Every structure is written in structure tokens, then in C-alpha cells.
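Trainee: First to last, the sequence lines map onto chains A and B. Sequence positions in the first sequence follow my numbering and run 1 to 173. Sequence positions in the second sequence follow my numbering and run 1 to 103.
Just so you know, the hints here were simulated from the structure itself, not pulled from any lab data. A hint or two may mislead.
[Said to hold, decoys possible] Only pairs whose alpha carbons sit at most 20 Å apart, straight line, appear in this in silico SDA-like list of lysine to any residue:
hint, chain 1, residue 1, chain 2, residue 2
1, A, 128, A, 55
2, A, 133, B, 63
3, A, 128, B, 66
4, A, 128, A, 140
5, A, 133, B, 67
6, A, 118, B, 48
Quantities reported herein were computed from a predicted structural model and do not represent experimental measurements.
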Amino acid sequence: MNEVVAFWILSVIAVFGALVAVRKRNLIHGVFALLVFFAGLSGLFLLLLAEFIAAVQVLVYIGAVGILLLFAIMLTERVTGDDDRRVTSRGWFWGLVVTAAVFVVLLLPAIQQLPPPKAAQTIDPSVKELGHKLMNPYVVTLEVLALLLTAALIGAVTAAQGVRMPKEEDSPE
Amino acid sequence: MTLHHYLILAALLFCVGLMGAFTRRNAIVVLFSVEIMLNAANLNFIAFWRYSENPALLHGPLFTLFAIAVAAAEVAVGLALMIAVYRHFKTVDLESMDTLREE
Numbered sequence: 001m002n003e004v005v006a007f008w009i010l011s012v013i014a015v016f017g018a019l020v021a022v023r024k025r026n027l028i029h030g031v032f033a034l035l036v037f038f039a040g041l042s043g044l045f046l047l048l049l050a051e052f053i054a055a056v057q058v059l060v061y062i063g064a065v066g067i068l069l070l071f072a073i074m075l076t077e078r079v080t081g082d083d084d085r086r087v088t089s090r091g092w093f094w095g096l097v098v099t100a101a102v103f104v105v106l107l108l109p110a111i112q113q114l115p116p117p118k119a120a121q122t123i124d125p126s127v128k129e130l131g132h133k134l135m136n137p138y139v140v141t142l143e144v145l146a147l148l149l150t151a152a153l154i155g156a157v158t159a160a161q162g163v164r165m166p167k168e169e170d171s172p173e
Numbered sequence: 001m002t003l004h005h006y007l008i009l010a011a012l013l014f015c016v017g018l019m020g021a022f023t024r025r026n027a028i029v030v031l032f033s034v035e036i037m038l039n040a041a042n043l044n045f046i047a048f049w050r051y052s053e054n055p056a057l058l059h060g061p062l063f064t065l066f067a068i069a070v071a072a073a074e075v076a077v078g079l080a081l082m083i084a085v086y087r088h089f090k091t092v093d094l095e096s097m098d099t100l101r102e103e
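Extracted from the complex, chain A is given alone in its bound form:
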């Protein structure tokens, strides 16, 4: 019973946060709505007994990605969106149509009336076993991921730094 109530509350929080994040004109408000969405999803992960993933969600998404998005917004343009320019793209109507079509297609398997599988009630080996699994069968994946993160770090710094023109060094200042 408690689980059902928690599921509905967290679902409403997540869907509402996502909708506000996507529709809001003011980008900063949008980022905060996105953080609400991430928090709601983290609660859903807790409900599904994946407590380590819930903690990672809070650390990585709310902590790092949120701050990164805020900085990127403040480094680029118009934060508040107070002017009269359209926020929607030219093809927004067809975008909505395609979105509705995708939603219907995603829900199509629901008409098959498959018997719902049972949930595991307790899952005892959680974080410790996750660490062992990362070391034993998945160590290559872990290393590739470390390489990817390093490459992304270097790439992000290089891309954000911009190209230095040789003229700048020649110009007398």
C-alpha cells in the first residue's frame, strides 16, 4: 500500500518536473524543474531497491549535471527569455504529432495482456556485490569507460576553449 502511494507521488513529481523543464521559457527555472525531475527519478530507483543507483543519480545528475547546465546557461545567452521571440521551433506541430505517434507505438505491447512478472521482494547483495561485479567480469568495460571520461574531459576543455587564432599572438599589445 505504502509502495503504491510512493509510486504515484514520485511519478507525478517526475512527470511534472520533466514537463516544466521542457516547457518553461526561463531557462534557469527550467534547470531547477529538471533537478526536481532527477530527484523524483532517484526516489523511484529507491522504490525499485536500487539504492546505489539512486545515490549515483543524486550525485551525478543533481550535483554535477545541474551545476554544469546552470553554468552553460549563464555563459551563453538570454537567461530569462523575457523577450517576445518564439521559444518553439518552426515544425513544433509535426514534432508533437511524431511524439504522440511514438507514445502510441511504445504502448502497443500493453494490449497483449501478458501476465505481469513478479517482483523480487528482497535483493540482498547490493553495493558490495556491485563492486565485485565491476572488478570481475566487467573490468574491461570499466576501463573503457574511464578512458571515455578522460577523453570527454579533454575534449570538453578543448572545445570550450575555442580556437586560438595565430593573429592574436602577433598583434602588439
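We have chain A; now place chain B onto it with these hints.
Mentor: Relative to chain A, chain B alone:
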């Protein structure tokens, strides 16, 4: 709660993200939307894991962990590109970045 509840919720969240990616002009909002879609996919992974035959194998959390790491790399590179694009075009409006389209 059955698996279906979680799957329908994930489909709904995915479609909210898809709607944002299709209907907004600001490139940073499109990046938000991609994040929302990735998170909906992660919710699917975790739900299928919880309702699987053998959850002790921990396939769901491991895959989600890797997906979160890749998504973090993606958002860092994406925002760096956005800043580079802003420096070049002085805007992050997707409809004014049409240099490749020869009129």
C-alpha cells in the same frame, strides 16, 4: 505495483523528452530533453531488473551505471560544444544555425 506501471511511466517520460527535443529552439533545452530521455531509459533498465528472474546478477544496475557515466560524458561535451557554438554564432538558437544550408 507491476512492471507495467514503471514501463508506462518510462514511456511517458521518454515522450516528454522527445517533445522537448522536437519543439524547442534553444539548444540547451534540447540537451535537457536528451537527458530526460536517457533517464527514462535508465528507469526501464532498473524496472526490468527488479522484475527479472534472477536479480542477483545485477545486470540492470551495472548497465545503468555505465549509461549514467556515458550520459555524463555526453552532457559535458555537449555543453562545451554549445559554448563554442555560442562564441561563433553569438546565439544558441537552433534555427539560426543554418550555415550549411545553401539558399
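Trainee: Now tell me, hint by hint, if it's right for this structure.
Mentor: Taking the hints in turn, this is what the structure says about them:
For the suggested pair residue 128/A and residue 55/A, the alpha carbons sit about 14 Å apart, so the restraint of at most 20 Å is met. Distance restraint check for residue 133/A and residue 63/B: the Cα-Cα separation of roughly 11 Å lies within the 20 Å cut-off, and the hinted pair is therefore satisfied. In summary, the hint linking residue 128/A to residue 66/B is supported, as the alpha carbons are separated by about 17 Å, within the 20 Å threshold. About 19 Å separates the Cα atoms of residue 128/A and residue 140/A, which keeps this hinted pair within 20 Å; it holds.
Restraint check: the Cα-Cα separation between residue 133/A and residue 67/B comes to about 16 Å, which is no more than 20 Å; the hinted pair holds. For the hint linking residue 118/A to residue 48/B, the alpha-carbon distance of about 11 Å falls within 20 Å, and the restraint holds.
In summary, this structure violates none of the numbered hints.
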